[in-house]
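Chemist: Spelled out from the first residue to the last, the chains are:
Number of protein chains: 2
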Amino acid sequence: MQTIEKVKDINKKNEVIRSAIRLFNMSGYTGTSVRAIANDAGVNIALISYYFGGKKGLLEYLMSSFFEGYLDEMESAIEQTTHLEPLLCTRLIQIADRMIRYQQRYFYLSRCVHREMTLDTNLIREFMASYLMKEKYLLEMVFKQEESNHVAIPTDILVMQYRDMIIMPFLHPQYIRRIHDLQPHEDYFRKYYLQYIKYWADQLFAQIS
Amino acid sequence: MQTIEKVKDINKKNEVIRSAIRLFNMSGYTGTSVRAIANDAGVNIALISYYFGGKKGLLEYLMSSFFEGYLDEMESAIEQTTHLEPLLCTRLIQIADRMIRYQQRYFYLSRCVHREMTLDTNLIREFMASYLMKEKYLLEMVFKQEESNHVAIPTDILVMQYRDMIIMPFLHPQYIRRIHDLQPHEDYFRKYYLQYIKYWADQLFAQIS
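Chains as they are written, first to last, in the working numbering: chain V, 82 to 290; chain B, 82 to 290.
It is worth saying that the hints were derived from the structure and are not from the lab.
Take the hints with a grain of salt, since some may be wrong.
All copies of an identical chain are treated as equivalent in the list; a pair is satisfied when it fits inside any one copy or across any two copies.
Claimed, not checked - Listed next, the in silico SDA-like pairs over lysine to any residue satisfying Cα-Cα at most 25 Å (straight line):
(1) Lys-94 to Ile-205
(2) Lys-136 to Tyr-218
(3) Lys-87 to Gln-284
(4) Lys-137 to Asp-178
(5) Lys-279 to Ile-98
(6) Lys-272 to Ile-91
(7) Lys-272 to Thr-199
(8) Lys-225 to Ser-145
(9) Lys-94 to Ala-210
(10) Lys-225 to Ile-91
(11) Lys-93 to Thr-236
(12) Lys-215 to Ile-260
(13) Lys-94 to Ile-260
(14) Lys-217 to Ile-91
(15) Lys-225 to Asp-268
(16) Lys-279 to Asn-106
(17) Lys-279 to Val-88
(18) Lys-272 to Ile-257
(19) Lys-137 to Asn-106
(20) Lys-225 to Leu-263
(21) Lys-272 to Glu-86
(22) Lys-225 to Gly-138
(23) Lys-279 to Gly-134
(24) Lys-225 to Tyr-132
(25) Lys-89 to Tyr-273
(26) Lys-225 to Thr-111
(27) Lys-279 to Thr-163
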């Protein structure tokens, strides 16, 4: 009996998460009330307070979950490719591939998190200082693995650009959909888009082994 | 006497615009009430209805103003460079330079508009279908000016990428500020960032005249 109650609770919690992602996507965080989430999920408002400590806590939970998975994926991709792949340009494509797959797997969550990150609140500043600083650190490592880096571009600009290529389709999917008629959550898009990243990386680093 | 009243009205209208940009930037459109804008501007709420037909009308006004100026700037930059500059890679840098200057001039407005454009509402869909379709059309023209385009990348990916480089610092300035310690509204940032765009353009198009 207790187990069935637990399963029910987990289901309810998941319903809340699903509803929050859906509603934050549609109307943004500030445009969504905790009541709307509770109604959409078919749960009592008190349950959201109980599990997440309210709407802000729910957003924090979603963002932490996203970034922890995202950075784990990035670390593991960097570690793997560093051992297996001698060419920096190939490594850059493989890492981008894994990060795009990750964001495709959590498509709506990714969009909602990236969008909230463009706000300038205390919460977002904290997330920047932890997660995005770590991301920068990881990507700098990748670019600095080349002792013989002949590229004239400063590392911070490379990091900025590479990161932007990886997240842009998930921060602004409807631009890609409506203006370019491509579907960023689909597999063909990933392949198509990676060709470009490959071209970029080849141009920059092909001469370096 | 009538003239003084008119000037006062224009000042009030400008106050409303300034307050709206400031508050939309801080809390987003959905997170800002029309009352908060009226209070911040020190005007009566009815005046906002009178001039803009409410909060939605105010956002429409801001977005149209931004995009009309933005596209005018782009058209004029393209026209000028097409006549004066034979090299595509140099043209691309000159156009980017003008577009970055434009967004620096309207720094807070740019951020607020770009951020709202990542939502998926009916209003935004209309703006996409008009302004961003025109932007795509203009940029395609630039890339297609080269009959002898030997680059293996599809034009839509080039457009996506080039556009993204131009707007990213203004969609997400606090990423650049907090993570990379650069100030996207300052002149040195423009010069620094343009070096990268130059590198990108040179790599892609230097061989083409």
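Chemist: Given identical chains, is Lys-136 near Tyr-218, meaning Cα to Cα at most 25 Å, within a copy, between copies, both, or neither?
Modeler: neither (31 Å within a copy, 41 Å between copies)
Chemist: Since the copies are identical, ignore which copy is meant and state whether Lys-225 and Leu-263 lie within 25 Å (CA to CA) inside a copy, between copies, both or neither.
Modeler: between (34 Å within a copy, 20 Å between copies)
Chemist: Give the relationship of Lys-215 and Ile-260 under a CA distance limit of 25 Å: within one copy only, between copies only, both, or neither.
Modeler: For Lys-215 and Ile-260, only the inter-copy Cα distance (10 Å) is at most 25 Å; the intra-copy one is 33 Å.
Chemist: 25 Å Cα cut-off: does Lys-89 pair with Tyr-273 within a copy, between copies, both or neither?
Modeler: For Lys-89 and Tyr-273, the Cα distance exceeds 25 Å both inside one copy (42 Å) and across copies (55 Å).
Chemist: With 25 Å as the alpha-carbon cut-off, assign the pair Lys-225 and Gly-138 to within, between, both or neither.
Modeler: neither (37 Å within a copy, 49 Å between copies)
Chemist: Can you give me the call for Lys-272 and Glu-86, within, between, both or neither, at a CA distance of at most 25 Å?
Modeler: neither (44 Å within a copy, 61 Å between copies)
Chemist: How would you classify Lys-225 and Ile-91 at a CA-CA limit of 25 Å: within, between, both, or neither?
Modeler: Neither: 44 Å inside a chain and 55 Å across chains, both beyond 25 Å.
Chemist: If the cut is 25 Å between Cα atoms, do Lys-94 and Ile-205 qualify within a copy, between copies, both or neither?
Modeler: within (24 Å within a copy, 32 Å between copies)
Chemist: 25 Å Cα cut-off: does Lys-225 pair with Thr-111 within a copy, between copies, both or neither?
Modeler: neither (40 Å within a copy, 42 Å between copies)
Chemist: What label fits Lys-94 with Ile-260 when the C-alpha limit is 25 Å: within, between, both, or neither?
Modeler: neither (36 Å within a copy, 34 Å between copies)
Chemist: With identical chains treated as interchangeable, where does the CA-CA distance between Lys-272 and Ile-91 reach 25 Å or less: within a copy, between copies, both, or neither?
Modeler: For Lys-272 and Ile-91, neither the intra-copy (36 Å) nor the inter-copy (53 Å) Cα distance is at most 25 Å.
Chemist: Are the CA atoms of Lys-93 and Thr-236 at most 25 Å apart within a copy, between copies, both, or neither?
Modeler: neither (45 Å within a copy, 46 Å between copies)
Checked against the numbered hints listed earlier, the structure breaks hints 2, 3, 4, 5, 6, 8, 9, 10, 11, 13, 14, 15, 16, 17, 21, 22, 23, 24, 25 and 26; every other hint is satisfied.
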